[in-house]
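Engineer: Protein chains in written order, with our numbering: chain L, 15 to 128; chain W, 2 to 111.
Fair warning: there could be bad hints in the mix.
Label pairs and their in silico Cβ distance ranges [as the list claims (entries may be wrong)]:
(1) L/ARG23 <-> W/PRO111: 43 to 53 Å
(2) L/GLN68 <-> W/GLU84: 19 to 29 Å
(3) W/ALA95 <-> L/ASN44: 11 to 21 Å
(4) L/HIS24 <-> W/GLU84: 23 to 33 Å
(5) W/PRO111 <-> L/GLY54: 20 to 30 Å
(6) W/GLU57 <-> L/ASN32: 24 to 34 Å
(7) L/SER80 <-> W/SER19: 38 to 48 Å
(8) L/ASP77 <-> W/SER8: 29 to 39 Å
(9) L/LEU53 <-> W/GLN15: 36 to 46 Å
(10) L/ASP21 <-> W/PRO111: 28 to 38 Å
(11) W/ASN54 <-> L/ASN44: 20 to 30 Å
(12) W/GLY80 <-> L/ARG78: 41 to 51 Å
(13) L/GLY111 <-> W/GLU57: 22 to 32 Å
Just so you know, the hints here were simulated from the structure itself, not pulled from any lab data.
Glycine residues also receive a C-beta, built at the ideal position from the N, C-alpha and C atoms.
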Amino acid sequence: DTGVSQDPRHKITKRGQNVTFRCDPISEHNRLYWYRQTLGQGPEFLTYFQNEAQLEKSRLLSDRFSAERPKGSFSTLEIQRTEQGDSAMYLCASSWGYNTGELFFGEGSRLTVL
Amino acid sequence: ILNVEQSPQSLHVQEGDSTNFTCSFPSSNFYALHWYRWETAKSPEALFVMTLNGDEKKKGRISATLNTKEGYSYLYIKGSQPEDSATYLCAFRANNDMRFGAGTRLTVKP
Numbered sequence: 015d016t017g018v019s020q021d022p023r024h025k026i027t028k029r030g031q032n033v034t035f036r037c038d039p040i041s042e043h044n045r046l047y048w049y050r051q052t053l054g055q056g057p058e059f060l061t062y063f064q065n066e067a068q069l070e071k072s073r074l075l076s077d078r079f080s081a082e083r084p085k086g087s088f089s090t091l092e093i094q095r096t097e098q099g100d101s102a103m104y105l106c107a108s109s110w111g112y113n114t115g116e117l118f119f120g121e122g123s124r125l126t127v128l
Numbered sequence: 002i003l004n005v006e007q008s009p010q011s012l013h014v015q016e017g018d019s020t021n022f023t024c025s026f027p028s029s030n031f032y033a034l035h036w037y038r039w040e041t042a043k044s045p046e047a048l049f050v051m052t053l054n055g056d057e058k059k060k061g062r063i064s065a066t067l068n069t070k071e072g073y074s075y076l077y078i079k080g081s082q083p084e085d086s087a088t089y090l091c092a093f094r095a096n097n098d099m100r101f102g103a104g105t106r107l108t109v110k111p
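Chain L extracted, bound-state conformation:
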């Protein structure tokens, strides 16, 4: 297993465009998390899946953001009508099972909105 992978690693887009990020978790992991990280801050929770069910969604996640995890495998995070404030690193992490399981992170997708 090669760990958590994210694609693309870097994305530059113009304001108003839609972007989609993909995360492939470690195959046996049933939990998948999306975080956003901006300069000088820690990872900020966006949303969480257990298998294909989206169990929690941050209030920070406006209606322009949507995440899916069809069939409980890979996940996508889509941002519609991007704004400059969406510029950030988007991190995906996965874990197995119980509440205490450590997170395994991907290397992130860096978004720049011009």
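Following the hints, complete the assembly by docking chain W onto the known chain L.
Structural biologist: Positioned in the frame of chain L, the structure of chain W alone reads:
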């Protein structure tokens, strides 16, 4: 809202110095406290997962303690080396989600 606070925000030490950081978190609905190390251009990696009040964990020169009743954890690095330079994140797990602090950025000068 789960507030996880870390201090100091940044730290510069000389090689060989020992250092410690603090993570404070809500003392209710506690499931676990995680410490992660995040080197530049890499992904965060777990150092410790602690679940019980009084837990102490050690990995080489790095150790951590946990006090769930008062809501704090300490991370210690003994004899810092330049390769210890990284951002150290703590994360508090309650129910389904996990909330991170802003991190302590450690720079170890040779």
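Engineer: Decide, hint by hint, whether the structure agrees.
Structural biologist: Hints versus structure:
Checked against the hint of 43 to 53 Å, the C-beta distance between L/ARG23 and W/PRO111 comes to roughly 31 Å, which is inconsistent with it. Evaluation of the 19 to 29 Å hint for L/GLN68 and W/GLU84 yields a failure: the beta carbon distance comes to about 39 Å. Judged by the Cβ atoms, the range 11 to 21 Å given for W/ALA95 and L/ASN44 holds: they are separated by roughly 19 Å. L/HIS24 and W/GLU84 have their C-beta atoms about 26 Å apart, which keeps the hinted 23 to 33 Å range intact.
The supplied range of 20 to 30 Å is met by W/PRO111 and L/GLY54, whose beta-carbon atoms lie about 25 Å from each other. Checking the proposed 24 to 34 Å range against W/GLU57 and L/ASN32 shows it is violated: the Cβ atoms sit about 48 Å from each other. Here the CB-CB span from L/SER80 to W/SER19 is close to 47 Å, well matched to the stated 38 to 48 Å. Distance hint for L/ASP77 and W/SER8: a CB-CB separation of about 35 Å, consistent with the stated range 29 to 39 Å.
Our hint of 36 to 46 Å for L/LEU53 and W/GLN15 is violated, since their Cβ atoms are close to 27 Å apart. At about 37 Å, the CB distance of L/ASP21 to W/PRO111 agrees with the hint of 28 to 38 Å. Separated by about 28 Å at the C-beta atoms, W/ASN54 and L/ASN44 satisfy the suggested range of 20 to 30 Å. Roughly 48 Å separates the CB atoms of W/GLY80 and L/ARG78, a value that falls within the hinted 41 to 51 Å.
Between L/GLY111 and W/GLU57 the Cβ separation comes to about 24 Å, which falls inside the hinted range of 22 to 32 Å.
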